[in-house]
Amino acid sequence: MGKITLVRRVVQVCMLVLFCLPPLLAGWGLAGLFAGGDGEVATPAAGVFFGSLSSSSVAGVPLFDPLGALEVMAASRGLLAASALTGALLVVVVYGLVRGRAFCGWVCPVNLIGEGVDAARRRLGIEVPERTVPRRAKIGVAAAVVLLSALVGFPIFELISPIGAVNKGLVFGGFAGAGTLLAIVIAELLVSRRLWCRALCPLGGTFQVLGRAGQVNVAIDHDACIHCDKCTRVCLADPEILAPVLAGEDAIVRAGDCMACGACVDTCPTSALRFRFGRPRRSQKGTESGSARSRKDVDVAVTVAAGGIGSPDVPSREEM
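Be aware that the sequence shown starts at 1, since it is given in this note's numbering, and climbs by one per residue.
Since the hints were made in silico from the structure, they are not lab data. Idealized CB from N, CA, C, for every residue including glycine. Any given hint might turn out to be false.
Simulated DEER-style distance windows between Cβ atoms [stated by the list, open to error]:
| no. | residue 1 | residue 2 | range |
| --- | --- | --- | --- |
| 1 | A46 | V152 | 30 to 40 angstroms |
| 2 | A45 | R233 | 37 to 47 angstroms |
| 3 | V17 | D221 | 30 to 40 angstroms |
| 4 | A82 | V133 | 12 to 22 angstroms |
| 5 | L97 | V17 | 22 to 32 angstroms |
Work the whole structure out from these sequences, hints included.
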């Protein structure tokens, strides 16, 4: 386990614990159970932090899942209250600036379970296809969820959300999406690698759209890359998002799908991959990297100074 993956694993576990703390500190139990005695106990919601990944309050500031906010507005056919709308926009801005699907890689408990199942499948020697559904399908699923919410007048994904089955189940005892979670585990184990996270999760589709503007990106040093393909074998999002940088067509991974999980950075044997802040202008196919151009310019200058001897790039006087 690389350094970034280790830190990410700690963050994933800490996020689960964070949501469990308010009821425990208030003297309640987990899964919606009351663990206190006959005396008066504090309400968990009265603390500095309380809620779930769908809706939370931090020091009085509301935070809302952007997909959930869209579902509620579609179902009610109206705008959210100003505080709720502000909370949803705040989440959009933060993840939009960082990297939309960083939520999937660093926070989502379903991804944590998926990684565990992925490791179990490898240990069991079970082979499944890398991809059975296009990764962009989840954007369509997200649009369908919002449309269905408008048709039935209820935020439909909340009924089947596997994220809620883990997060809300631990905190409140609401296991509405447990069936979906079980189906995901079975599909991950026997059908296709990361089928839900890569291609079907509507929340992932929402963050994928936001990810196109993310400022935390995986960058490549083309000169250091040895094309061993170790990065593509560990990519949690989809190996095809690495294709442009590996082919020398770009300097960063631009796909909104990237989870910024750091698995590719951890596994690179030559440290050709790293995180960088910002989105440089897209380079054109066949364009050399800056360091390669600089070295070539130096080589040409030296060869010219030496009279062009032995250089295939600089024509001799006879050839001219």
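Hints, one by one, checked against the model:
1. A46 x V152: 30 to 40 angstroms: The hinted range 30 to 40 angstroms holds for A46 and V152, with Cβ atoms some 34 angstroms apart.
2. A45 x R233: 37 to 47 angstroms: 45 angstroms, holds
3. V17 x D221: 30 to 40 angstroms: Since V17 and D221 have Cβ atoms about 37 angstroms apart, the given range 30 to 40 angstroms holds.
4. A82 x V133: 12 to 22 angstroms: Violated, since A82 and V133 (Cβ atoms, about 38 angstroms apart) do not stay within the stated range.
5. L97 x V17: 22 to 32 angstroms: 26 angstroms, holds
In this structure, only the earlier hint numbered 4 is contradicted, and the remaining ones agree with it.
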